[in-house]
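**Student:** Heads up: the protein sequence lines correspond to chains A and B, in order. Residue 49 in my numbering sits at position 49 of the first sequence; the count goes up by one each step and never skips. Residue 225 in my numbering sits at position 113 of the second sequence; the count goes up by one each step and never skips.
By construction, these hints were calculated from the structure, which means they are not laboratory data. Model, not experiment: these values are computed from the prediction. Every residue, glycine too, gets a C-beta built ideally from N, C-alpha and C. Don't take each hint at face value.
[Said to hold, decoys possible] So these bits of chain A aren't anywhere near chain B, every CB distance computed over 12 angstroms:
1. Pro8
2. Asn22
3. Asn30
4. Arg60
5. Leu61
6. Leu75
7. Gly98
8. Lys99
9. Lys111
[Claimed, not checked] DSS-like, lysine-lysine: derived pairs with alpha carbons at most 25 angstroms apart:
10. A:Lys26 <-> B:Lys156
11. A:Lys56 <-> A:Lys70
12. B:Lys139 <-> B:Lys174
13. B:Lys163 <-> A:Lys69
14. B:Lys163 <-> B:Lys139
15. A:Lys70 <-> B:Lys156
[Said to hold, decoys possible] If you anchor each label on the Cβ, the simulated ranges turn out as follows:
16. B:Asn165 <-> A:Glu17: 44 to 52 angstroms
17. A:Glu17 <-> B:Glu164: 33 to 41 angstroms
18. A:Ser68 <-> B:Gly185: 41 to 49 angstroms
19. A:Asp7 <-> B:Arg222: 24 to 32 angstroms
20. B:Arg121 <-> A:Lys26: 32 to 40 angstroms
21. A:Glu53 <-> B:Ser142: 20 to 28 angstroms
22. B:Val195 <-> A:Ser68: 43 to 51 angstroms
23. A:His45 <-> B:Ile166: 22 to 30 angstroms
24. A:Glu17 <-> B:Leu150: 40 to 48 angstroms
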Amino acid sequence: SQQGEEDPQALSIQEGENATMNCSYKTSINNLQWYRQNSGRGLVHLILIRSNEREKHSGRLRVTLDTSKKSSSLLITASRAADTASYFCATAVYNQGGKLIFGQGTELSVKP
Amino acid sequence: NAGVMQNPRHLVRRRGQEARLRCSPMKGHSHVYWYRQLPEEGLKFMVYLQKENIIDESGMPKERFSAEFPKEGPSILRIQQVVRGDSAAYFCASGTGTSGNEQFFGPGTRLTVL
Chain A
1 SQQGEEDPQA LSIQEGENAT MNCSYKTSIN NLQWYRQNSG RGLVHLILIR
51 SNEREKHSGR LRVTLDTSKK SSSLLITASR AADTASYFCA TAVYNQGGKL
101 IFGQGTELSV KP
Chain B
113 NAGVMQNPRH LVRRRGQEAR LRCSPMKGHS HVYWYRQLPE EGLKFMVYLQ
163 KENIIDESGM PKERFSAEFP KEGPSILRIQ QVVRGDSAAY FCASGTGTSG
213 NEQFFGPGTR LTVL
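Construct the entire structure; sequences and hints are all you get.
**Tutor:** Here it is in structure tokens:
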């Protein structure tokens, strides 16, 4: 399996519900970042969590990082139809100059 | 402060032609990263450059692909003799080069090879 694997691959929820996406990785990291990509568009940076942090919040987003399990989760609370997109985690591998290793992504669909 | 700029946004080439993709990093960023996204997949790292230097090209195909980031002007990803399998979205990101900081992505160039 590859560095930065997301789970689930696809998630469909109703507006107002919470959405949780998980990401696992294999190597030592400097940080882990979450991005959103709307269909056919570029990537929007959502949040960065450093390897010495355990939890971070930004608006309706909450990210956790467990370096002992090499996993992270992204929680979107009170989801909206506009949150419909693909979500990717990306790891900045330790001592590799900042290049990012992306997972395959979770496709989130929020139904109104 | 303009973000990362890429052009063209869409590029159509016939098999055997050359494709040139350009990326201008954000102001103050001297490091550029190129990624490729095949349909229905995540992004794959290709190459990391600093002005006039290739730092890491471990993700670049060995043939037909090259990248540069000259002292003046944008970074260029060049694909010679394109094949259908090169059809993808190519994203450029810029950053400060330290692995602790976020990268800012451009809108991408969507290459279609006929």
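**Student:** Now tell me, hint by hint, if it's right for this structure.
**Tutor:** Verification of the supplied hints:
| no. | hint | in the structure |
| --- | --- | --- |
| 1 | Pro8 | holds (14 angstroms) |
| 2 | Asn22 | holds (15 angstroms) |
| 3 | Asn30 | violated (4 angstroms) |
| 4 | Arg60 | holds (19 angstroms) |
| 5 | Leu61 | holds (14 angstroms) |
| 6 | Leu75 | holds (20 angstroms) |
| 7 | Gly98 | violated (4 angstroms) |
| 8 | Lys99 | violated (5 angstroms) |
| 9 | Lys111 | holds (21 angstroms) |
| 10 | A:Lys26 <-> B:Lys156 | holds (16 angstroms) |
| 11 | A:Lys56 <-> A:Lys70 | holds (16 angstroms) |
| 12 | B:Lys139 <-> B:Lys174 | violated (31 angstroms) |
| 13 | B:Lys163 <-> A:Lys69 | violated (37 angstroms) |
| 14 | B:Lys163 <-> B:Lys139 | holds (13 angstroms) |
| 15 | A:Lys70 <-> B:Lys156 | holds (20 angstroms) |
| 16 | B:Asn165 <-> A:Glu17: 44 to 52 angstroms | holds (48 angstroms) |
| 17 | A:Glu17 <-> B:Glu164: 33 to 41 angstroms | violated (50 angstroms) |
| 18 | A:Ser68 <-> B:Gly185: 41 to 49 angstroms | holds (46 angstroms) |
| 19 | A:Asp7 <-> B:Arg222: 24 to 32 angstroms | holds (28 angstroms) |
| 20 | B:Arg121 <-> A:Lys26: 32 to 40 angstroms | holds (34 angstroms) |
| 21 | A:Glu53 <-> B:Ser142: 20 to 28 angstroms | holds (27 angstroms) |
| 22 | B:Val195 <-> A:Ser68: 43 to 51 angstroms | holds (44 angstroms) |
| 23 | A:His45 <-> B:Ile166: 22 to 30 angstroms | holds (25 angstroms) |
| 24 | A:Glu17 <-> B:Leu150: 40 to 48 angstroms | violated (31 angstroms) |
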